[in-house]
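From first to last, the protein sequence lines stand for chains R and Z.
Residues 226 to 589 in the working numbering are what the first sequence lists, from first letter to last.
Residues 226 to 589 in the working numbering are what the second sequence lists, from first letter to last.
Calculated from the structure, these hints are not laboratory results.
Treat the numbers as computed from the prediction; the structure is a model and nothing was measured.
Glycine included, C-beta positions come from ideal geometry on N, C-alpha and C.
Just to be clear, a hint being listed does not mean it is correct.
[Said to hold, decoys possible] One-sided and incomplete, this derived list gives chain Z residues near chain R with beta-carbon spacing under 8 Å:
hint: 1; residue: Asn422
hint: 2; residue: Ala427
hint: 3; residue: Met428
hint: 4; residue: Ile452
hint: 5; residue: Lys455
hint: 6; residue: Arg464
hint: 7; residue: Asp480
[Unchecked claim] Once the Cα atoms are required to be at most 30 Å apart in a straight line, the calculated BS3-like pairs of lysine-lysine come out as:
hint: 8; chain 1: R; residue 1: Lys455; chain 2: Z; residue 2: Lys455
hint: 9; chain 1: R; residue 1: Lys308; chain 2: R; residue 2: Lys350
hint: 10; chain 1: Z; residue 1: Lys498; chain 2: R; residue 2: Lys404
hint: 11; chain 1: Z; residue 1: Lys498; chain 2: R; residue 2: Lys519
hint: 12; chain 1: Z; residue 1: Lys498; chain 2: R; residue 2: Lys455
hint: 13; chain 1: Z; residue 1: Lys404; chain 2: R; residue 2: Lys498
hint: 14; chain 1: Z; residue 1: Lys455; chain 2: Z; residue 2: Lys299
hint: 15; chain 1: R; residue 1: Lys519; chain 2: Z; residue 2: Lys519
hint: 16; chain 1: Z; residue 1: Lys498; chain 2: Z; residue 2: Lys299
hint: 17; chain 1: R; residue 1: Lys322; chain 2: R; residue 2: Lys299
hint: 18; chain 1: Z; residue 1: Lys519; chain 2: R; residue 2: Lys498
hint: 19; chain 1: R; residue 1: Lys404; chain 2: Z; residue 2: Lys380
hint: 20; chain 1: Z; residue 1: Lys455; chain 2: R; residue 2: Lys519
hint: 21; chain 1: R; residue 1: Lys404; chain 2: Z; residue 2: Lys404
hint: 22; chain 1: R; residue 1: Lys583; chain 2: Z; residue 2: Lys519
2 protein chains.
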Amino acid sequence: MASMIFSDCSSSTTARLLPLRCQKLRHSFNSLPFFHRVSLPLTSSRPSLPTLYLQAHSSSTFVSAKMATESTAKVIDGKHVAKQIREEIGVEIARMKEAIGIVPGLAVILVGDRKDSATYVRNKKKACEAVGINSLEVCLPENSTEQEVLNSITKFNEDPSVHGILVQLPLPSHMNEEKILNAVGIEKDVDGFHPLNIGRLAMRGRDPLFVPCTPKGCIELLHRYGIQIKGKKAVVIGRSNIVGMPAALLLQREDATVTIVHSRTNNPEGIIKEADIIISAVGQANMVRGSWIKPGAVIIDVGINPVEDSESPRGYRLVGDVCYEEVAKVASAITPVPGGVGPMTIAMLLSNTLSSAKRIHNFD
Amino acid sequence: MASMIFSDCSSSTTARLLPLRCQKLRHSFNSLPFFHRVSLPLTSSRPSLPTLYLQAHSSSTFVSAKMATESTAKVIDGKHVAKQIREEIGVEIARMKEAIGIVPGLAVILVGDRKDSATYVRNKKKACEAVGINSLEVCLPENSTEQEVLNSITKFNEDPSVHGILVQLPLPSHMNEEKILNAVGIEKDVDGFHPLNIGRLAMRGRDPLFVPCTPKGCIELLHRYGIQIKGKKAVVIGRSNIVGMPAALLLQREDATVTIVHSRTNNPEGIIKEADIIISAVGQANMVRGSWIKPGAVIIDVGINPVEDSESPRGYRLVGDVCYEEVAKVASAITPVPGGVGPMTIAMLLSNTLSSAKRIHNFD
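Chain R with its partners taken away, still in its complex shape (with noise of 0.2 Å):
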């Protein structure tokens, strides 16, 4: 069992940055109740869970394997990438409207008040604006009705202007959210959540519809990376519904050789190790240390993690859940927190409307 402390890795500091829900300073995978959850990209529809951690100040008593002095990794530019993308879905949808009269059209449904939530739908809809898609909101008040909620979605599920529906999670307790996002029709399932579409995703000689959109992002980095899979041994850290389980998934289509790790894995060490690709989605701050990595492996950091940090002006700034300052010193490739998988996200979210009208209106 691996222990754990949650040490800063930034180079100005040995601080140890602690969960503020947690006690001992050292635990195991298996004590970590948190361990399942999912910091997510800021602008996916399943938001993150933040964890603010505290800053104490001691050495680590932990870590760390003999390492480069310098840093030498690629760093793994998801902003850029993602940029590139929008641009060339932009030009898509231009070309679209253009032959068959058609834009893409992103229904938003979100349930309650919550800040984080309104900031996603906002950002979503602005990127949607930029690259030409339709965009349509409801907000429904908190204490709607599970019905009201299915209502909405029927509505969208019917209207030809639509070509992708999402539902903001979290939604309130009162609410069954298997039952609502069900609702959502599976050729409108632009997050590819629908166990049909992870079905699909796990078979041989078939095809889901929508591919998880922050997986996707996660692939696609190493495309454009030229990063290969093929044959590669991969670790996927956390086996999440939304990102560690189909990315798991999506490596396995591409002919990698790959092991979750999760919370009840022995050794997790060894294990990440050994593998020449790996994708972190657990939200544990900094979790994954230098002495973990196989030199020259390749890193996606999924998780957007906030800490404390007197220094900036919000009194918090985000890590990954990969110490990017001791893994970049031996890895070949790595994804920075922020701009790396979380602006791939949306894009991909993007990617998968466009997809989708193209779909339904049959054009190439």
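Please build the complex by placing chain Z on the supplied structure of chain R, with the hints as guidance.
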């Protein structure tokens, strides 16, 4: 890459078994066109793809690690467990009949005149009768239209006395298998291969209506022999939709750390050697050698491969994917072939049919 020779592992001979379709004596995983194939238990609705092997007398130049001279592994007796399960099912069916007057019904659709398919269907019928399941059968000629098959499925979907529907594969080549299988109502898909079932199997917090019979049988064997899965390293060899992939998902649901080894995997032996639990489902006679096994590992051998045997009255005998005599000396427990996973598949089919009838009639 693994170089492999398909050695006969019987203690009475050093014979080497060469696949008829295979010209070279040595192969890498990558060059094996049939690595994807799975020879399923004879009772399955998915027929085995029989590969006949020529017996070439020469000693293996390859293998083998230091092993004890005596077999130490416990034999996981699938025949015995399957018998127990069939008895339990029989008791439950009698109880349901007495309580609510309902008898579970399984419908099988057979298209064409393949002898092996006819045998599988006959075996299922016999097994149904033995436990009290009502067995229905439709045999359609080879030159039937897709629509005729779909009509039969619709009839059974609507028939309240039918709780499970199986379409015996392979279908004639002029038919779209995916379209036909998808027509089976999800609530009667006792094979569990519908993508919606597979998706639910993959997702945390979701439950499939049915778990595919062969992988379900593998896990049931582990359970009945008290073999712990949680926290163990498990390797599934083969990634077929009907065994390997769902077996991996099942192990994952039980908190194993799972790796799927497949035809594109580099150094498969090295990965297999680290496993506490191995499920092999590739359809390669005697492929997994004793030297590939960690001492004390548990082996579930799904392969049922016919190899030529002049001493057998039938001219062939059945062997697993695993070189039994070698592996039994290293493993702590192992399924034999035949008599391991094979009998479990049909027991799980009966179990799924019973569960379906219970669910449809809301009987606990």
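Structure-based check of all given hints:
no., hint, verdict
1, Asn422, "holds, 7 Å"
2, Ala427, "holds, 5 Å"
3, Met428, "holds, 5 Å"
4, Ile452, "violated, 16 Å"
5, Lys455, "holds, 6 Å"
6, Arg464, "holds, 7 Å"
7, Asp480, "holds, 4 Å"
8, R:Lys455 <-> Z:Lys455, "holds, 29 Å"
9, R:Lys308 <-> R:Lys350, "holds, 16 Å"
10, Z:Lys498 <-> R:Lys404, "violated, 43 Å"
11, Z:Lys498 <-> R:Lys519, "holds, 20 Å"
12, Z:Lys498 <-> R:Lys455, "holds, 22 Å"
13, Z:Lys404 <-> R:Lys498, "violated, 43 Å"
14, Z:Lys455 <-> Z:Lys299, "holds, 20 Å"
15, R:Lys519 <-> Z:Lys519, "holds, 23 Å"
16, Z:Lys498 <-> Z:Lys299, "holds, 19 Å"
17, R:Lys322 <-> R:Lys299, "violated, 38 Å"
18, Z:Lys519 <-> R:Lys498, "holds, 20 Å"
19, R:Lys404 <-> Z:Lys380, "holds, 29 Å"
20, Z:Lys455 <-> R:Lys519, "holds, 26 Å"
21, R:Lys404 <-> Z:Lys404, "holds, 26 Å"
22, R:Lys583 <-> Z:Lys519, "violated, 51 Å"
When held up to the earlier numbered hints, the structure conflicts with 4, 10, 13, 17, 22 and fits the remainder.
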